[in-house]
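J.: Below are the chains, spelled out letter by letter.
There are 2 protein chains.
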Amino acid sequence: MDLDLTATTADLASAASALVRLVPGKLIDPVLSGVLLTATAEGVALAANDRERAVRVARPAVTHTEGRVLVPAKPLADTLRALEFEQVRLVVEGSRLAIRGPGARFALPLLDADVHPGVAPPPPLAGTVDGAVFAAALATVSTAASRDDALPMFTGVRIRSEDDRLVLLATDRYQMAVARISWQSAGQTVDALVPATLLGEIAKQVDHGGPVALHADQDRFGLVWTNLAATTSVLDGSFLHESKVSVSDVDTEVELDADALAGAVRRVGLYTDARGVLLLEVGDGEVRLRGADQRAGEAEETVKADVTGGRTPQAYQSRFLTDALRPFHGGRVRLRIQPGMRATEFSATEPTDTNLRYVVMPMLPPKN
Amino acid sequence: MDLDLTATTADLASAASALVRLVPGKLIDPVLSGVLLTATAEGVALAANDRERAVRVARPAVTHTEGRVLVPAKPLADTLRALEFEQVRLVVEGSRLAIRGPGARFALPLLDADVHPGVAPPPPLAGTVDGAVFAAALATVSTAASRDDALPMFTGVRIRSEDDRLVLLATDRYQMAVARISWQSAGQTVDALVPATLLGEIAKQVDHGGPVALHADQDRFGLVWTNLAATTSVLDGSFLHESKVSVSDVDTEVELDADALAGAVRRVGLYTDARGVLLLEVGDGEVRLRGADQRAGEAEETVKADVTGGRTPQAYQSRFLTDALRPFHGGRVRLRIQPGMRATEFSATEPTDTNLRYVVMPMLPPKN
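Chains as they are written, first to last, in the numbering used here: chain A, 1 to 368; chain B, 1 to 368.
The shape of chain A in the complex, shown without the other chains (with noise of 0.2 Å):
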């Protein structure tokens, strides 16, 4: 194995890190939570594969020895972080891979690359999304799917295309988070499960300015965005629907200031019982939160609001309002409230790029 190249510390260094937390690694497997690195005349390219996520990023670097080495990836990304010199040589040194700069050498273990599965080319391309909008949508989408991995189903975000639509839907079974982006279509749909704690990552990483493309089969999906390429494998999602929840019974409609009530919530929240839940009703220009529990004492706060219809109480649990209100930070916010145990909908007064809607099935109210 060989392997000789130069490249500016701080790139190399964000590529590794990236990499390690797109794909975790394995512990119980030095190999596949080992960073596959090859050096060719074009410069170096870092790839990880756990048999499930696979993610493939490359960057500019002078190649004195072309060559491809496996070493462990979280050493490596904490090393790099750690380097203080602009310019970092990586070199195959005997058993190791050296980490030099002046007066100071890393050396890691080489691993066998020849067992390492590789990374294969991302699925077909299926279309494309602006990359902002996308991770804005990634962001809060993700946040609502399950993170017990106990039920995997509820751990994905599903992510539909529907003609010059992408829907992106996730749910635990108490909230549901349902945003429809625009995308333009290569001529293929998408349809799949992708594990949100992944899309939640890729929310933060990906190139906010320039578009993100989305490459798709049936075992596989795949996200390519400048010098980076990530896929996973899917699981199948068609069970998870917007329509799966119903709004058709909405006979209270409020319209009020997000961070105000978000504020409200807060604050009332910490009165609450051991469940957590928060009594919300609806008054005449004003909407009035109201919390108690025996040993915390009670609290109630007023906010501003729109009142249209009936005046329906609801009850939430507290830490649901929360997610559901961050969305929409900065602007007014619509609830739609369904009498009984049925969900109550919250999305945005005015149009968004991501068309976001937010629903949060209500609790039992707090006894007094």
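Source of the hints: derived by calculation from the structure; they are not laboratory data. One thing to keep in mind: the hints can contain errors.
If you only want the chain B side, here are some residues facing chain A, beta carbon under 10 Å, derived [claimed, not checked]:
#, residue
1, I99
2, R288
3, R295
4, A296
5, E298
Where a beta carbon is used, it is the ideal one built from N, C-alpha and C, also for glycine.
For this one, chain A is given, so just place chain B on it according to the hints.
T.: Okay, now just chain B, sitting in the frame of chain A:
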């Protein structure tokens, strides 16, 4: 019970937060986790006492009805911190203390103020120190104390007066920090072992612009600044003394940039065995840090240094090196190294207000 006052929200919130951080309270006893609010014509006083620590903090307020009530401290602090309106009213309503603002009411249950031990005035004045110097010394020395409650003797900072100097000393047996700051005695001496966690919090809160008064008697130690008085019961700390750690066999002295060495420790520290041990080798005009781990690989980095005396190498846990170098951030540090399993002393090369000495015990070097 009665009480009715109006105060600036931010003012009252900072007082309640300071109190909760200094006296975290005993969960088992609601009374000792309470805050005693006393409203008089002079303003409002907040006080807490968990039978070990007692704190009293005064704030301006407009008192409508004088009185004294006891309410849960943490919910009061959390609520005040979350409020967004400028003025807040605290008023007894039945069995509740209401926290009121425009459109909002939060009500805390009243506890039985009559069973609260109250807060005794601090013991007699012993002397004063400069707030900024005292805070800097405490911030460093308190981190050298043990966090292990199984060894209560090592969880304290010994504060001892010596003529015009105040000596602050703490050790967890692997490291020791000693600061000597100037103080103005009020005719009394001080010698007390004070909980390091309390002093670490005080280092963050103390007024850097003014003097801090030290109060002491046989059983208690107190600190008073601006509108806050904190007292605590003390242990006998006479067994803790800087003379217990000998530095009479120093044969190697090294002077170098503290941040350059700290950066190298951070990087090479990624390549250590389970004990986290680094080797420091002393060369001509430089020191070399080395780390090695069977799985992680190996690392070495050199740092320019002025070396006098011998070339004695020594091994340390990387986290102790990091702690020892932090107080010398931005300047040069002198390492005085003794051979064998004897301590290494870290001190500034230029005189400082805290006259800090940091002592680290070496470890057996890593096997290669």
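J.: All hints, please: hold or fail.
T.: Taking the hints in turn, this is what the structure says about them:
Taking 10 Å as the C-beta contact cut-off toward chain A, the hint placing I99(B) at the interface holds, the least distance being around 8 Å. Evaluation of the R288(B) hint against chain A yields a held restraint, the C-beta minimum of about 9 Å falling below 10 Å. Hint on R295(B) holds. Least Cβ distance to chain A is approximately 7 Å, under the 10 Å limit. The beta carbon of A296(B) is positioned within 10 Å of a beta carbon in chain A (closest approach about 5 Å), and the interface hint is therefore held.
Of the supplied interface hints, the one on E298(B) holds, with its beta-carbon coming within about 5 Å of a beta-carbon of chain A, less than 10 Å.
Hint check: no violations occur; every hint is consistent with the structure.
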